[in-house]
Amino acid sequence: MVMKRLLLGAAALALSTGMAHAQYSDGKVKIGVLTDLSGTYSDLAGKGTIVAAQMAIDDFGGKINGQPIELISADHQNKADIASGIARKWYDTEQVDVIAELVTTAAAIAVREVSKEKGKIDLVSGAASTPLTNDKCSPTGFHWTYDTYALANGTGNAVVKNGGKTWFFLTADYAFGHNLQAQTEKVVKANGGEVKGAVKHPFPNSDFSSFLLQAQASGAQIIGLANAGADTINAIKQAKEFGITQAGQQLAGLLVFITDIHSLGLETAQGMMLTTGFYWDMDDQTRAWSKRWSEKMGNGKMPSMVHAGTYSQVLHYLRAAAAAKTDEGIKVADEMRKLPINDFFAKNGKIRADGRMVHDMYLAQVKKPSESKGPWDYYKIVRTIPGDEAYQPLSESTCSLVKK
Amino acid sequence: MMTILGIPTQALFGQLLLGLINGAFYAMLSLGLALIFGLLNIINFSHGALYMMGAFVAWLALNFLGLGYWGALIAAPLVVAVIGIIIERTMLCRLYKLDHLYGLLLTFGLALIIEGLFREGYGVSGQPYAVPPALAGGWNLGFMFLPIYRGWVVVASLVLCLGTWYAIEKTKLGAYLRAGTENPTLVQAFGINVPLMITLTYGFGVALAAIAGVLAAPIYQVSPKMGSDLIIVVFAVVVIGGMGSIMGSILTGYMLGIVEGLTKVFYPEAASTVIFMVMVVVLLIKPAGLFGKGA
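Top line first, the protein sequences correspond to chains A and B.
The first sequence begins at 5 in this note's numbering and counts up one residue at a time.
The second sequence begins at 430 in this note's numbering and counts up one residue at a time.
Honestly, the hints are just simulated from the structure, not real lab data.
Virtual Cβ for every residue (Gly too), placed ideally from N, Cα, C.
Mixed in with the good hints there might be a few duds.
Restraint-style ranges between C-beta atoms, simulated for each label pair [unchecked claim]:
(1) B:714 to A:165: 51 to 59 Å
(2) A:408 to B:706: 44 to 52 Å
(3) A:291 to B:493: 25 to 33 Å
(4) B:714 to A:374: 53 to 61 Å
(5) B:561 to A:288: 41 to 49 Å
(6) A:408 to B:699: 40 to 48 Å
(7) B:561 to A:99: 55 to 63 Å
(8) B:545 to A:291: 31 to 39 Å
(9) B:542 to A:357: 47 to 55 Å
(10) A:123 to B:523: 51 to 59 Å
(11) A:123 to B:519: 54 to 62 Å
(12) A:67 to B:696: 54 to 62 Å
(13) B:538 to A:292: 43 to 51 Å
Excised from the complex, chain A in its bound form (with noise of 0.2 Å):
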């Protein structure tokens, strides 16, 4: 009788263990980071963007329905041929189920052709551009912390409504710049504002003294920064060093994160107007899990929205693939657009038709060098932005997903 029950209990053991085997491929969910590890954006994405992964791995349990959840990342160097070369040997020799973080445009775009075609699923936090929810959205594609949209709204809505009415926009010459600058223009008409001019500066750059001797010949009252990173970070410098932020013109910020705030020091920064997905001293939960990822970075460091958004699309996915009990693409993916997303990064969070997780954005003024308690402590926030007010509307969408 003994001996029966335990021959019962072993083939149902064998039975429900060899369904997962069937649900979940080669027996394991595996995720792969691909980041900028190397180049301009290794700060604000990189290393912590895997830290981040890995911690949402970590905090699952390890497992997902009893299989193991594997990491592994590489470096796409900010080129699209590389990112699409490392998606594809990922996807077809070594079974990763989804590729997650994605910074620069053009390297997410081209993850995102063999991430549709192969029909696996892939989440970006870095990228910018609204593209990737629009012309290039997919079925299996999510577009997490940010984009040019919810940023030229956010910034752009506040100054005009300050009283900044004229603008001059220094535009990085590539396709984020330019989306951006765009992006940007049509809140500032839309809100009354005139643009006085625009200046496509070569990137990389470093010297932007000629463009902002231009900036301040038009006399416009605001100076739009449409560009990212070290760009975004030489200008304002520079802007202070040649007297044009003290002679009555103010510098807007369209793309700012935090690491670049804390490479300017407050004494530049400080009183710019800025909008993020994310700031690690908002509450409570926040402030844990960016103490948490301090602490694994081990470098003092405090996280940017990228890294804290590549945390909550990873633990997301895998909420979704646990309760889709499989790690189809598609059937995560309508898994995850059922699920809400609930954790310290996004409070009812949710996942349009399009790709786009729509969750509240914050306007931030980066505070003086006097009001700054300790590092890190560079941000008063201003405002928060209701993430469907934030986000384009679905109705404006060119998404081919979106059914009007």
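With chain A held as given, fit chain B onto it using these hints.
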């Protein structure tokens, strides 16, 4: 307001001056390169990394030793020169008899290693370095606001460049140097220590790069990438000026800074490529460069 080719004269003067300031950096860096190539026959691809190192030494000295800008202006070149001398004595000295290509490959590899180490330690976003208080503020020139610091950079660069040129072309030491590279055996026979002279020359060349790095620190972020951003342009400057020509690299440095500045006014998108277009044209017309000797 008066205009030239549709650009207000005020703006034009401003851009000319800014071009001159950038030219000052090109001149200092290409001078060091030309010096090293002219006397050692090494195409020193690690020049940009050593320029970056100069800026970092200044930043480190300020943050860990409390040594300010003026102290760094002396200390950083010395530190970097010592590192340069170690590189020359342990690695470069084995390559003099080989093809140029070996020196280029070795120094390129070194540049990647140095840059990688700093990136690993300090990240890519860069560190802030403030303008020294004595040089803060600026003058209103009427047509533009000139930060005093940038004016200082032009003066410092001119003094350094002309001083170096004078030392090499007009002094006895310079004559030894030039003779030593032409015919080392003969010069050695006169009791002059040629290998030591070559080592010191390399040290001096990279010290020039380090000074440029310290001068650049308050203008740009002190970042591991600052050297690699600049080095290709500086190489183009040396090629246009004529490999190894001291005066050629100085004059071409300033000139191309101005050309680039003007491009930023008329067609900003081409600002990063204009120098290479000039290089193509010059090489087609005069393959040895503007000031180069022979073909």
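| task | Look at the Cβ atoms of residue 714 (chain B) and residue 374 (chain A) and judge whether their distance stays inside 53 to 61 Å. | result | Holds: the Cβ-Cβ distance is about 59 Å, inside 53 to 61 Å.
| Taking the beta carbons of residue 538 (chain B) and residue 292 (chain A), is their distance inside 43 to 51 Å? | Once the Cβ atoms are compared, 44 Å apart, the range 43 to 51 Å for residue 292 (chain A) and residue 538 (chain B) holds.
| Consistency of beta-carbon spacing, residue 165 (chain A) to residue 714 (chain B), with hint 51 to 59 Å | The hint (51 to 59 Å, Cβ to Cβ) holds, given that residue 714 (chain B) and residue 165 (chain A) are roughly 57 Å apart.
| said: Does the beta carbon distance between residue 408 (chain A) and residue 706 (chain B) stay inside 44 to 52 Å, or does it fall outside? | reply: holds, 48 Å
| When you take the CB atoms of residue 561 (chain B) and residue 288 (chain A), is the distance between them in 41 to 49 Å? | holds, 43 Å
| field | C-beta pair residue 123 (chain A), residue 523 (chain B): status relative to the range 51 to 59 Å that was hinted | value | holds, 56 Å
| field | Cβ separation of residue 67 (chain A) and residue 696 (chain B), checked against the hinted range 54 to 62 Å | value | Because 58 Å falls inside the window, the suggested range holds.
| query | Would you say the C-beta atoms of residue 408 (chain A) and residue 699 (chain B) sit inside 40 to 48 Å of each other? | reply | Once the Cβ atoms are compared, 42 Å apart, the range 40 to 48 Å for residue 699 (chain B) and residue 408 (chain A) holds.
| task | Could you tell me whether the CB distance from residue 545 (chain B) to residue 291 (chain A) stays inside 31 to 39 Å? | result | Holds, at about 33 Å.
| request: State, for the Cβ atoms of residue 291 (chain A) and residue 493 (chain B), whether the hinted interval 25 to 33 Å holds or is violated. | output: holds, 30 Å
| field | Distance restraint evaluation - residue 123 (chain A), residue 519 (chain B), Cβ atoms, bounds 54 to 62 Å | value | Roughly 55 Å apart at Cβ, these two residues keep to the hinted range, so it holds.
| task | Starting from the hint 55 to 63 Å, judge whether the C-beta atoms of residue 561 (chain B) and residue 99 (chain A) obey it. | result | Given a distance of about 57 Å, which is inside 55 to 63 Å, the answer is holds.
Comparing the model with each numbered hint stated earlier shows that all of them hold.
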